[in-house]
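Q: Below, each chain spelled out in residue letters.
Protein chains: 4
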Amino acid sequence: MPRLAIHRLSMSHPGDLSALETLLAAGKLRAADIRAVIGKTEGNGGLNDFTRGFFTQSLMLLLSAHTGDPPDALAARVPCVLSGGTEGALSPHYLVFSAAEHAAPGQRGLAIGTAFSQPTPAREIGRESQVRAVAQAVRAAMAQAGIARTQDVALVQVKAPCAQAPDAAARSTDPRVLMALSRAAAAFGVGVALGDIAPDRATESAMLRDLTLFSNRASISSGIEVTANEVVVFGTAEGWAPGIAAGVAPMRDLLDLAGVQAALAAAPGEVLGVIAKGEPDRSGAIRGHRHTMLGDTDLDPQRHLRGALGAIVAAVAGDGRVFVSGGAEHQGPPGGGLVCVFARSP
Amino acid sequence: MPRLAIHRLSMSHPGDLSALETLLAAGKLRAADIRAVIGKTEGNGGLNDFTRGFFTQSLMLLLSAHTGDPPDALAARVPCVLSGGTEGALSPHYLVFSAAEHAAPGQRGLAIGTAFSQPTPAREIGRESQVRAVAQAVRAAMAQAGIARTQDVALVQVKAPCAQAPDAAARSTDPRVLMALSRAAAAFGVGVALGDIAPDRATESAMLRDLTLFSNRASISSGIEVTANEVVVFGTAEGWAPGIAAGVAPMRDLLDLAGVQAALAAAPGEVLGVIAKGEPDRSGAIRGHRHTMLGDTDLDPQRHLRGALGAIVAAVAGDGRVFVSGGAEHQGPPGGGLVCVFARSP
Amino acid sequence: MPRLAIHRLSMSHPGDLSALETLLAAGKLRAADIRAVIGKTEGNGGLNDFTRGFFTQSLMLLLSAHTGDPPDALAARVPCVLSGGTEGALSPHYLVFSAAEHAAPGQRGLAIGTAFSQPTPAREIGRESQVRAVAQAVRAAMAQAGIARTQDVALVQVKAPCAQAPDAAARSTDPRVLMALSRAAAAFGVGVALGDIAPDRATESAMLRDLTLFSNRASISSGIEVTANEVVVFGTAEGWAPGIAAGVAPMRDLLDLAGVQAALAAAPGEVLGVIAKGEPDRSGAIRGHRHTMLGDTDLDPQRHLRGALGAIVAAVAGDGRVFVSGGAEHQGPPGGGLVCVFARSP
Amino acid sequence: MPRLAIHRLSMSHPGDLSALETLLAAGKLRAADIRAVIGKTEGNGGLNDFTRGFFTQSLMLLLSAHTGDPPDALAARVPCVLSGGTEGALSPHYLVFSAAEHAAPGQRGLAIGTAFSQPTPAREIGRESQVRAVAQAVRAAMAQAGIARTQDVALVQVKAPCAQAPDAAARSTDPRVLMALSRAAAAFGVGVALGDIAPDRATESAMLRDLTLFSNRASISSGIEVTANEVVVFGTAEGWAPGIAAGVAPMRDLLDLAGVQAALAAAPGEVLGVIAKGEPDRSGAIRGHRHTMLGDTDLDPQRHLRGALGAIVAAVAGDGRVFVSGGAEHQGPPGGGLVCVFARSP
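For the protein sequence lines, the chains are A, B, C and D, in the order given.
Read left to right, the first sequence gives residues 20 to 365 (our numbering).
Read left to right, the second sequence gives residues 20 to 365 (our numbering).
Read left to right, the third sequence gives residues 20 to 365 (our numbering).
Read left to right, the fourth sequence gives residues 20 to 365 (our numbering).
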């Protein structure tokens, strides 16, 4: 039976995998056991953020050196979900999720499962075909992990594709819009797979429009450095060693301190990793007071958002190593989001 | 005897004083009673932030229309301390401090006093002469308010001058450096006046270098739109009506949630205004983890800082209308800052 | 008969009208003769650029002091067309266009005419009603100037309104999109009035889509600081003193140096002012080579564009005081633009 | 005898070396013949620009696959001089310089020579030891190329090291200042080696201060992705095949169109590559008119500069593939720079 391990590692720049290299060299972790990497690089998080591609290339080179598998094969098997942008209090870091064999039958613990959809070309992004592809990948990842019931899923992290220069066959030729549509479709896919969103409502026309549709267990990033939907599912399953818990709580708005505290309370013990999603409230106001995130020509809304949300979560956690990703379409209530805490059970 | 009143008002853009105009027109506030304005406009907070000048011009025009005094005379009498930058969760707003006559002798309450130094030309910025000028203005403002003892001072807010294109006679020809020196000298002036910094240590060479020297009751902004040091002192004094309290607490670092909570706890009741200062830790790390605020070519360190600090304070206060100003040199421990909460006593 | 005069004045910040004040005080210019102001302030040129509002307020206060008319009345009569953003080689400045009486009958020279449309609320922006309103204002301005024929028009400069937070009745709730629609509708209005665009093709659905429709004599800015379409027409008319020429030439793409040189050649003599429009080529490439203006999360496309176009025009003119405005939808061929040079005839 | 070849290649992102891969695969270029790469990636050109490291890693991996040498050994032998920032009209691209054997003795042509200094740690940056190290590397590169006389050198391109977080032993703990000092020291080194700057004047105290000291044949970039000074020298030498010319001309200020035209005129024929250096005039004005490049909190001075200079050079060349690098300290007159054109002789 497998046992999940989480290593939270720092980096001095987006191509710096030395912390992981040290672990591998010391035999504290086997490269072949690595199931997924979720990390925060110090780019701008937008279309022209190449820190994600740089990190991914460096990671796969390192894993290739240790496993003998070619980098491309590894990239097609190990999801590497990166979000650029460490504004404010945030600190560049990455979480390495591994699953090693462990002799302790009959137990139940936090499990990880991964899956890749078929490549999603630009013309399929934001379409119902992407919704179905993501839903299917979520189910595949659950099956791989042995998570039997949708209610046992704690969080689904997806890296969804985008296109730098979408052509006329795409739903939008504006790559920023396409990026949002990709997140929306992936969130719908997660919601459908988990039963949080009714399949017949997860339509193209509802994407980015019907904000009552959301899954508070979906966390989606989008970027041009992936071509398929890469899915990582966390949840409780038979046959996994106990010892690590995942606490998830919704945030009803950006200032929902209690939501952050609830996620931490739900996973007591040594914190191993924190994931948060949020978005600038589209109404232009938070609790009745105007914010300026959406109309700033010099500072991207997502950079505004990550700096604010990241600082709140980091202040509660007492640690800047928080994975914060903007663009929370259909991943929580409008203007809100979610927080997921991984902790070693006390 | 006077009674301090605080109005926290929103604006739809930096030239929008309509909320104050409504109060004045309705007779809820007399223009002549206004003693100081402290506000947060939605610029970038840097050298080329003209939202502060726009707001000040609009404010003085409005007060002129209501008092009959020329705008220039009002600007030389009513401190208007603005900080640009409402990153993240922050909301553009301004605090109007007024003192109306009030018949209730023998009481003790929160007092306000104001003073302007002589104009400080570029060559005097960051010099010991500026330290002395600010210290003298602090004492004058305390005297005006009737604050007898330095320990009765809660907070000193200063708007210190800068120069857009300092010449060779200035301590630095780099206006950004001069801006920091102006904050440092003003903080030294406050510290000397309050006894928080020994006068003989408040030297030019110690500015921006000896970070053990600070006053946790100093909050300094700097900008090119003022030519003198404008000082506003808050503290407890005889002869002022009770009813408003100021709670001040230091933040030991950017993630010091407890510090923010302490300031709010120190001034229970309906919050009327919040002021916070902080700075990116110059060591490049917070609690041992690297931050990226100081090396971002695209996003100014102060914009990073305000977005993060503002969000933390706003989350605790439950309201984005927080005055957050970066550049906390000598206004708290390195990498830390302060929070001041004004509240109507319950 | 009137004689057009153009003063090109510098400013040290967006509220600095001292150069104009000096001219007025010295009697070199009568405030009542000022017909329009076209200027370049040092903001970011986007939704949150308040340098335009600051300048306008300062200008109208100055004119009010000299004419006795209230600032609001002046703002409703004297078009003040500002474009924010002096990236790169550009220098903040403004052109003051005045028309004084001049006894020299029977001549023909460069004329100026101005007109304001009715206020255009957010829901009318980008609609055919705005097209008609602008076309009518162009005709009114031509009539005022005495410009008899559309072929005598050299340039129509329009400042078109936008909305900071458009509601659901607007064509787009994204204010950036609405800004572009406002420029498109205004360009259509100019094109229709001048016969450059067939009225039946100037439809809502063609805006921002049918890029074959354009007028190379239209130069449109949009901003939240105006509520009506403010129109300034330049052209040749009977009864105006000779002495100033306007040379206009299209730019077929951003690198069209010959186009810039042609505009300067068309108006030989001392240059009094230069106006240029352009846009990032939407194809993502210029002369077959990829540009990165449209996908930069940290630097707005219009800031990219103004820095590049401004430098080219300034290098040819040998002077950074060039009015450059991005967003050239329907104001020239896709990816191209126009240059207009005002010069004192030799 | 060798023959210099220059390939100007485009890339779709900073990790895209497919154009070079195609050439290598087709046998049109031998990987072992590649002597240097000079390229322009689409980052921000500052401390946190990781596009340079991403490109370098990708390049060395590709060359390793074709030569069998390890990437590290290649990186220590083949200078890869990258400048981030393709603002405005600029297009991401790279120049591949190769030298293949060629049987045509007794001729004279454009030669290339390269050299690496010893690693320069942070504490040596901006010191006279760096000046000497660069001067020695320039001489070594000249010797390698067989360039006999300093007057035969057309251009020296240097990539000089910087440090992300310099400690107290460094000349400045501000990495931005250290970056400028590294450029200054490297320019001094080039100037000393070429006889353009007297050795006894190339002192630490003169760096960034005595702007009368410069070499108009030095083009220096600085970045944290290199640890040694990487030097590429171009000049005329015996034993090299003719056919490629380098035209170099100074720019006396940013608007010096004639300077750009002179460089193009000096190397007639098909343009193979263009290199330009410049800087924002520190006086704050160009030809007497204020510019705003140095005081913009939202847009870095070098991004301003590259957008403007790049557009001017691109407009004259008719092609956006121009290597433009800001930070021209001691590489030309204050506020000016240089342009170098490589062309196939007609």
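Derived by calculation from the structure, the hints in this document are not laboratory data.
By construction, the Cβ of each residue, glycine as well, lies at the ideal position given by its N, Cα and C atoms.
Hints may be right or wrong, so weigh each one.
Quick list of the computed label-pair ranges, beta carbon to beta carbon [what the hints assert, rightly or not]:
id : chain 1 : residue 1 : chain 2 : residue 2 : range
1  : B       : SER302    : C       : ASP186    : 45 to 53 Å
2  : C       : ASP186    : A       : THR231    : 37 to 45 Å
3  : D       : PRO287    : B       : SER302    : 29 to 37 Å
4  : D       : ARG142    : A       : PRO124    : 56 to 64 Å
5  : A       : PRO138    : C       : ARG228    : 52 to 60 Å
6  : B       : ARG271    : D       : ASP186    : 52 to 60 Å
7  : D       : SER191    : A       : THR169    : 55 to 63 Å
8  : A       : SER302    : C       : ARG228    : 55 to 63 Å
9  : A       : ALA217    : C       : ASP219    : 42 to 50 Å
10 : A       : SER37     : D       : PRO287    : 25 to 33 Å
11 : A       : ARG301    : C       : GLU120    : 49 to 57 Å
12 : D       : ASP186    : B       : ALA119    : 51 to 59 Å
Stretches of chain B that chain C covers, calculated by requiring three or more beta carbons in the stretch to come under 8 Å of a beta carbon on chain C [said to hold, decoys possible]:
id : region
13 : 28–38
14 : 58–68
15 : 151–163
Q: Given the range 25 to 33 Å, decide if the beta-carbon distance of A:SER37 to D:PRO287 lies inside it.
A: At 50 Å between Cβs, range violated.
Q: Please test the hint of 49 to 57 Å on the beta carbon pair from A:ARG301 and C:GLU120.
A: Holds, since A:ARG301 and C:GLU120 (Cβ atoms, about 55 Å apart) stay within the stated range.
Q: Examine the region 58–68 of chain B: at least three residues should have C-beta closer than 8 Å to a C-beta of chain C.
A: holds (count 3)
Q: With a C-beta cutoff of 8 Å, work out whether three or more residues of the region 151–163 of chain B approach chain C closely enough for the coverage to hold.
A: violated (count 0)
Q: Honestly, do D:PRO287 and B:SER302 meet the 29 to 37 Å range at C-beta?
A: Check failed, 55 Å falls outside 29 to 37 Å.
Q: Can you let me know if the beta-carbon spacing of D:ARG142 and A:PRO124 is within 56 to 64 Å?
A: At roughly 58 Å between Cβ atoms, A:PRO124 and D:ARG142 fall inside 56 to 64 Å, so the hint holds.
Q: Quick one: are C:ASP186 and A:THR231 within 37 to 45 Å, going by C-beta?
A: The hint (37 to 45 Å, Cβ to Cβ) is violated, given that C:ASP186 and A:THR231 are roughly 20 Å apart.
Q: Does the hinted range 52 to 60 Å hold for A:PRO138 and C:ARG228 at CB?
A: 30 Å, violated
Q: Taking a Cβ-Cβ distance under 8 Å as contact, does the region 28–38 of chain B have three or more residues in contact with chain C?
A: It holds: at least three residues are needed, and the region 28–38 of chain B offers 4 whose Cβ sits within less than 8 Å of chain C.
Q: Is it true that D:ASP186 and B:ALA119 lie within 51 to 59 Å of each other by Cβ?
A: Cβ of D:ASP186 to Cβ of B:ALA119: about 56 Å, so the range 51 to 59 Å holds.
Q: In this structure, is the beta-carbon distance linking D:SER191 and A:THR169 contained in 55 to 63 Å?
A: 57 Å, holds
Q: Quick check: does the Cβ-Cβ distance between A:ALA217 and C:ASP219 fall within 42 to 50 Å?
A: With Cβ atoms ~46 Å apart, the hint holds.
In terms of the numbered hints stated before, the structure departs from hints 2, 3, 5, 6, 8, 10 and 15, listed from lowest to highest.
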